[in-house]
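**Q** Numbering (our numbering), first residue to last: 929 to 1183.
The hints are simulated quantities; they were obtained by calculation from the structure and are not laboratory data. Please read all numbers here as calculations on a predicted model, not as lab measurements. Be careful, since some hints might not be right.
[As the list claims (entries may be wrong)] Below, computed lysine-lysine pairings styled on BS3-like, alpha-carbon distance capped at 30 Å:
1. 1099 <-> 1086
2. 995 <-> 1086
3. 1136 <-> 995
4. 939 <-> 1136
5. 950 <-> 1136
6. 1099 <-> 1173
7. 1099 <-> 1177
8. 1136 <-> 1099
9. 1086 <-> 1136
10. 1099 <-> 950
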Amino acid sequence: MSAAHLDMEGKIARIRLDNPSKLNALTTEMLEQLEAACATLERSPQIGAVILSGEGDRAFCAGADIKAWGALSPTEFARNWVRDGHRIFDRFARLSIPTIAAIHAPAMGGGLELAACADIRVMAPMATLSLPEAQVGIVPGWGGTNRLLRLLPEPVVKEMALFGRKLTADKAWSLGFVAEVAENPLATAVAIAEQAAQASPRAHEVAKYQIHAAVGEDRAALIEALGGGMIGATDDRAEGVASFKDKRKPDFPGT
């Protein structure tokens, strides 16, 4: 049975894509479990870093399971499959916790789009990245033509989406898409996660908000989140809540 498992140990969490017989292709159930994992992580202040990885030896993730969307009507495909996947990927990308994708084998289509949602990526030397959607008559639908373009040059994305070319680990590293090329991406990701988990969680959260707002990743919500965090720490907020509870007129100190 396909699954996206969430394991939490100490300050490190790991999301494992577990559908190895189908190259970890994403099913409806896996997408729902990924969304549930994000909800759990956002309410787990003890977690300092998250690692995304795939089970088995043949693929990090082959993208969307064609059996999950192949029989959908055009309306269902656009309204449900594409938009639901986009929403769930966005939620993973916008986690307040640092995230690392450990790419030990090929990441294709939606698998590459999911890896692009992580803050950084570690990739095995022989792993490849690709956007093969055109081969089955569709187009990238979960960030391959928008988020990926913030991380890779336009000609490189066109090489993959229009000409079917694969991006190697070395080239991905030279372009800055991959932070490290390592024989054991998972072990390297764990070491990076352990180091990140020693830093201030709140500083990481705010830094990630600032960076995402600067590049246009959910800018409006992040600006309001930053403002909410600032006002939430004031004496005015405490007085406002206290006066409401006491059913009296507030006396704001302005601090």
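**Q** Is the Cα-Cα distance between residue 1086 and residue 1136 30 Å or less?
**A** Since the Cα atoms of residue 1086 and residue 1136 sit roughly 28 Å apart, the hinted pair holds (cutoff 30 Å).
**Q** Would the hint linking residue 1099 and residue 1173 be met if the CA-CA limit is 30 Å?
**A** violated (59 Å)
**Q** Are the Cα atoms of residue 1099 and residue 950 separated by 30 Å or less?
**A** Roughly 27 Å between the alpha carbons, so the hint for residue 1099 and residue 950 holds.
**Q** Hinted pair, alpha-carbon criterion (30 Å max): residue 950, residue 1136. Please report holds or violated.
**A** Violated, because 34 Å separates the two Cα atoms, which is more than 30 Å.
**Q** For the pair supplied as a hint, residue 995 and residue 1086, is the alpha-carbon distance within the 30 Å limit?
**A** holds (26 Å)
**Q** Given the hinted pair residue 1099 and residue 1177, is their Cα-Cα distance within 30 Å?
**A** violated (63 Å)
**Q** Is the hinted pair residue 1099 and residue 1086 satisfied, with a Cα-Cα distance of at most 30 Å?
**A** holds (15 Å)
**Q** Between the alpha carbons of residue 1136 and residue 995, is the straight-line distance 30 Å or under?
**A** This hinted pair is violated, its Cα atoms lying about 36 Å apart.
**Q** Quick one, are residue 939 and residue 1136 close enough, alpha carbons at most 30 Å?
**A** holds (18 Å)
**Q** Are the Cα atoms of residue 1136 and residue 1099 separated by 30 Å or less?
**A** holds (26 Å)
Comparing the model with each earlier hint shows violations of hints 3, 5, 6, 7; every other hint is respected.
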